[in-house]
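K.L.:
Can you make the complete structure from the sequences, with help from the hints?
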Amino acid sequence: MLNRRHIRLKIMQLIYALKISDFNYDKDINHQLFKSLEDIYDLYLILISLMIEVQIKAETYLKIAQKKHLATSDDINPNKKFINNRMLLLLRTNKLIEGELKKRKLNVWKLDNEYVDAVFHDLIKSDLYSDYLSDSNDDFNSDKIFIVSFFKKIVATNEKLYNYLEDKNITWSDDFPVVNTSIVKMLNKSNDDSPMSYFIPTLFKDSDDKEFAGDLLKLTVNNFKTYNDEISKKTANWDPDRIANIDYVILNLAISEFLNFPTIPLKVTINEYIELSKEYSTPKSNVFVNGILDAIVKDYSKNGLINKEGRGLVE
Numbered sequence: 001m002l003n004r005r006h007i008r009l010k011i012m013q014l015i016y017a018l019k020i021s022d023f024n025y026d027k028d029i030n031h032q033l034f035k036s037l038e039d040i041y042d043l044y045l046i047l048i049s050l051m052i053e054v055q056i057k058a059e060t061y062l063k064i065a066q067k068k069h070l071a072t073s074d075d076i077n078p079n080k081k082f083i084n085n086r087m088l089l090l091l092r093t094n095k096l097i098e099g100e101l102k103k104r105k106l107n108v109w110k111l112d113n114e115y116v117d118a119v120f121h122d123l124i125k126s127d128l129y130s131d132y133l134s135d136s137n138d139d140f141n142s143d144k145i146f147i148v149s150f151f152k153k154i155v156a157t158n159e160k161l162y163n164y165l166e167d168k169n170i171t172w173s174d175d176f177p178v179v180n181t182s183i184v185k186m187l188n189k190s191n192d193d194s195p196m197s198y199f200i201p202t203l204f205k206d207s208d209d210k211e212f213a214g215d216l217l218k219l220t221v222n223n224f225k226t227y228n229d230e231i232s233k234k235t236a237n238w239d240p241d242r243i244a245n246i247d248y249v250i251l252n253l254a255i256s257e258f259l260n261f262p263t264i265p266l267k268v269t270i271n272e273y274i275e276l277s278k279e280y281s282t283p284k285s286n287v288f289v290n291g292i293l294d295a296i297v298k299d300y301s302k303n304g305l306i307n308k309e310g311r312g313l314v315e
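Take the sequence shown: its letter number 12 is residue 12 in our numbering, and every next letter is one higher.
Rather than coming from a laboratory, the hints here were simulated on the basis of the structure. Any given hint could be a false lead.
[What the hints assert, rightly or not] Now the in silico label distances, taken between C-beta atoms and shown as ranges:
#, residue 1, residue 2, range
1, I64, V268, 51 to 57 angstroms
2, N290, Y25, 26 to 32 angstroms
3, K105, A236, 52 to 58 angstroms
4, K105, N271, 26 to 32 angstroms
Even glycine gets a Cβ: it sits at the ideal position worked out from N, Cα and C.
P.N.:
Structure (structure tokens):
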């Protein structure tokens, strides 16, 4: 689910939140990082469960309509295509999803059901919903295509829903894109015989990524003063007060990767942190970060401080 850019982002945010001048690495810092990463998985499960709850809401809605005193023919014989949607039923009957939700105590929609109502009513008022009900295609693939569109057009664009989730966990504000992308990819690649485990992806792509996260945090924090001294040499003509604090963090992380991660190409490191500076720092920070990193790489390479494994990794 997680890519390395998002891992870098979470570490950047954590270090930025610490007292940069006098902190020390300890188990609590490591715990904070992996807790924030694990929370991303909670967000994934919460959004999956929301779609399940909307289907349950639709089922309840139809049952109530059938019992109305002046029920119409549509109330008595409703279109059940959505409540029979094969994609949602696959998620709804998945015992692994159910187990994870219980284990993590993610019963948010039982407590705050008004957001399920809001998404449900947005859905049934939409052309997407009416077009789906009237579509003659009735198979798993058409159900899946509809659910992907439902998630992308109704769930992922619901501002009230996302404000509510951000209030529950402020760090999720930056996690929505990676989680939304993961859900869409997961749905698109699913089929009617996908095993239950398919819908419970691993948080990290592999053990290397998990190790990368812990090592990058530890090495950067432990060497922050040393790396800051190196940055100071390259910014002698800059007023330190005019350099954004987030840029110091970004530069420290990049230096840590240069020196400690021999399998990561220099270009990858530089490009990743330039992108983070574009999104999270000042308008001109990317130019500043690029210039400083370029100077540091030239200096380190000249002095034999950078050792990369494999062809092309230094370029």
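K.L.:
Checking each numbered hint in turn, tell me which of them this model violates, lowest number first.
P.N.:
Violated hint (a single one): 4; every other hint is consistent with the structure.
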